[in-house]
Structure formats: C-alpha cells, structure tokens
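**Student:** Residue-level listing of the chains:
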Amino acid sequence: MVYEKASIVYIGEDMATLEELTVEATAEIEAAKPLYKVVDGVRSEFDTVDYDQAITDLANSKWNDQQFGYIQARQEAYGSIADQLDMMYWDNVNGTTTWADHIAQVKSDNPKPV
Amino acid sequence: MGAGLNKISSYDITSGDSSITITGLTSQYEVYFMQLNNIKAVSNANLYMRVTQSGVADDSAIYDYSYNQAFDNSSTITDTGFQGNTVFYLGQNLGSNVTHPFNCSLYLFNFSTDSEYSLITQYATFVNNADRNVSMIGGGQYKGNSIDDGVYFYLSSGNFDAGQINLYGLRKS
Chain S
2 MVYEKASIVY IGEDMATLEE LTVEATAEIE AAKPLYKVVD GVRSEFDTVD YDQAITDLAN
62 SKWNDQQFGY IQARQEAYGS IADQLDMMYW DNVNGTTTWA DHIAQVKSDN PKPV
Chain R
13 MGAGLNKISS YDITSGDSSI TITGLTSQYE VYFMQLNNIK AVSNANLYMR VTQSGVADDS
73 AIYDYSYNQA FDNSSTITDT GFQGNTVFYL GQNLGSNVTH PFNCSLYLFN FSTDSEYSLI
133 TQYATFVNNA DRNVSMIGGG QYKGNSIDDG VYFYLSSGNF DAGQINLYGL RKS
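Residue numbers (our numbering), protein chains in the order written: chain S, 2 to 115; chain R, 13 to 185.
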C-alpha cells in the first residue's frame with residue numbers, strides 16, 4: 002500500500018493549522034493501511050504506537066513544508082553569489098535593475114507564509 | 013585485532029517498507045559506517061533518520077544538523093541548518109529514479125557511550141524528483157545522554173521502493 006503527500010497549495014491566510022494537517026495526515030495514514038516496519042530484517046505491520054507516530058510525523062512534515070519550504074526554494078532560485086554580483090556589476094554599468102528585479106521575482110514566486 | 017572494516021549486517025529493502033530500523037551498535041567498535049545503496053522511494057519524499065535506544069526510535073527535539081547541497085544545473089550551493097529538530101535529515105525530494113537513486117555514506121560516532129553526544133557525518137548523491145543531480149554533505153549531533161544502539165529510517169511520505177543498507181564496524185586499532 003502506498004500513501005502520498007496530498008498536493009495542497011497554501012496561500013496567505015489559507016495556511017492550515019497543525020491540527021488541520023494532523024486530520025489530513027490521519028486520513029492519509031488510514032487510507033494507506035497496512036503499513037510495514039522492518040526491524041533488523043524482520044518485517045511486520047505497524048502497531049498502534051507506530052501508526053500514531055506515523056501520523057505525527059506526516060503532520061509535522063506537512064507543517065514544515067508549509068512553513069519553511071519557501072526558504073529552500075528561495076535559496077535555490079536566488080542563484081550563486083557570483084552570479085548575483087555579476088548582475089549587480091552590469092546593473093551598475095548599464096543603469097538597469099536586473100538584480101533587484103530577480104530578487105523581487107524570487108520572493109514573489111516563493112512567498113513567506115503569513 | 014588490527015584496524016579494519018567489518019561487515020555486521022545487510023538489509024535489502026522490500027518495496028512497501030515504511031520504516032527500517034537497524035540495530036546492533038555496541039561498544040565493540042569505536043565508529044560505525046553505514047552504506048545506503050540505491051535507495052528509491054515509491055514517490056517524491058524526504059529521507060529522515062532517528063537514533064534508537066533498545067531498538068526504539070527517539071523523536072525528541074534534540075537533533076541538530078547542517079548540510080550543503082550542490083546541484084548539477086546551478087552554481088548555487090545551498091546551506092541549511094536546524095537546531096532542536098526531531099530527525100536527522102538525509103535527503104530531500106528523493107524520487108524513484110532508476111538510473112541514479114539515493115546513495116549515501118554515513119559515519120556514526122559515540123553511539124555506545126552516554127557521556128558524549130552521538131554524532132553523524134553524511135555524504136550523499138542522488139537525482140531528485142526535479143531530475144537534478146544533488147550532491148550533499150552534512151553532519152549532526154543527537155543531544156541525548158543515552159546509549160544508542162541503532163538508527164531508524166523513514167520517509168516524509170510514502171514508502172521505500174528498493175535499495176540496500178549495510179552496516180560496518182570500524183576498528184581504529
């Protein structure tokens with residue numbers, strides 16, 4: 002059985018609370034049962050404690066994605082310091098705003114949760 | 013007995029495994045080495061690891077770690093750090109890439125003593141779900157005053173699909 006993270010887009014004030022995400026996680030884990038653990042090569046179905054932990058972990062993962070995913074996305078999208086310095090240099094030479102526009106676009110594309 | 017690397021255990025992942033616990037770390041070896049070979053997730057997911065005591069994973073918020081990631085299509089190297097997390101973070105957005113799944117080497121230090129924190133270092137490479145090769149280097153500490161006997165792996169969502177985990181003991185002298 003496979004369970005997958007729901008494709009949910011949270012925008013601005015529509016951010017989910019941890020409680021709401023826990024409800025989502027509970028439904029997903031329930032739908033995915035049975036789940037299996039392996040301990041030193043021995044495979045068995047999750048017990049109640051394992052299922053509760055899986056719900057907690059999935060909810061926390063959703064929360065982290067929602068609250069902090071933008072940080073990683075921005076880091077990757079900004080580009081290297083060298084590339085940014087190059088943009089700044091040519092902006093200075095040409096009187097353009099390429100670098101500032103780029104940074105603004107990255108922030109806009111990857112908004113910080115409200 | 014002289015210095016050497018001794019294989020302790022090996023596990024071939026079965027598609028559908030949700031969590032994998034490997035124990036057997038004792039004071040017999042000063043350092044342990046773990047290979048995660050060709051790990052695949054059924055769907056896009058992050059790979060996490062926890063420390064175990066008596067085979068039970070600890071989800072306390074006492075995991076500190078940091079890592080750098082380099083991507084094949086960018087000169088950007090991202091650096092990330094966390095304090096007081098509930099997991100060690102081994103990989104982000106693992107896909108089910110057939111030709112370049114997740115491969116990682118882990119060194120495990122101080123697990124068998126309760127007078128020092130357990131530490132890990134990691135070196136990993138994989139193709140993520142965006143089809144980008146990612147090289148990753150990182151490390152962390154588990155701030156528990158406990159004797160730790162193993163590690164526990166799980167994904168942020170979904171199940172493992174394939175792979176192999178090997179545990180070795182590293183004797184320095």
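No lab work stands behind these hints: they were computed from the structure.
Computed from a predicted structure; not experimentally measured.
Incorrect hints may have been included.
[Said to hold, decoys possible] For the chain R half of the interface with chain S, some residues (derived, Cβ under 7 Å), not all of them: (1) ILE32; (2) SER39; (3) ASN85; (4) SER87.
[What the hints assert, rightly or not] Cβ pair distances, simulated, as ranges: (5) R:LEU182 with S:ASP110: 27 to 33 Å; (6) S:TYR90 with R:GLY28: 23 to 29 Å; (7) S:GLU46 with R:ALA82: 23 to 29 Å; (8) R:GLY36 with S:LEU86: 46 to 52 Å; (9) S:ASP48 with R:SER27: 19 to 25 Å; (10) R:ALA142 with S:THR57: 27 to 33 Å; (11) R:ASN18 with S:TYR90: 51 to 57 Å.
Quick reminder that beta carbons are idealized off the backbone N, C-alpha and C, glycines included.
**Student:** Give a verdict on every hint.
**Tutor:** Hint-by-hint comparison with the structure:
1. ILE32: Hint on ILE32 (chain R): holds, closest Cβ of chain S at ~5 Å, below 7 Å.
2. SER39: 18 Å, violated
3. ASN85: Violated - the Cβ of ASN85 (chain R) stays beyond 7 Å from chain S, reaching only about 10 Å at its closest.
4. SER87: SER87 (chain R) check passes; min Cβ-Cβ to chain S is 4 Å, inside 7 Å.
5. R:LEU182 with S:ASP110: 27 to 33 Å: Taking Cβ atoms as reference, LEU182 (chain R) and ASP110 (chain S) lie about 45 Å apart, which means the hint is violated.
6. S:TYR90 with R:GLY28: 23 to 29 Å: 54 Å, violated
7. S:GLU46 with R:ALA82: 23 to 29 Å: Since GLU46 (chain S) and ALA82 (chain R) have Cβ atoms about 39 Å apart, the given range 23 to 29 Å is violated.
8. R:GLY36 with S:LEU86: 46 to 52 Å: Holds, at about 50 Å.
9. S:ASP48 with R:SER27: 19 to 25 Å: 21 Å, holds
10. R:ALA142 with S:THR57: 27 to 33 Å: With Cβ atoms ~28 Å apart, the hint holds.
11. R:ASN18 with S:TYR90: 51 to 57 Å: 55 Å, holds
Hint check: violations occur at hints 2, 3, 5, 6, 7; the rest are consistent with the structure.
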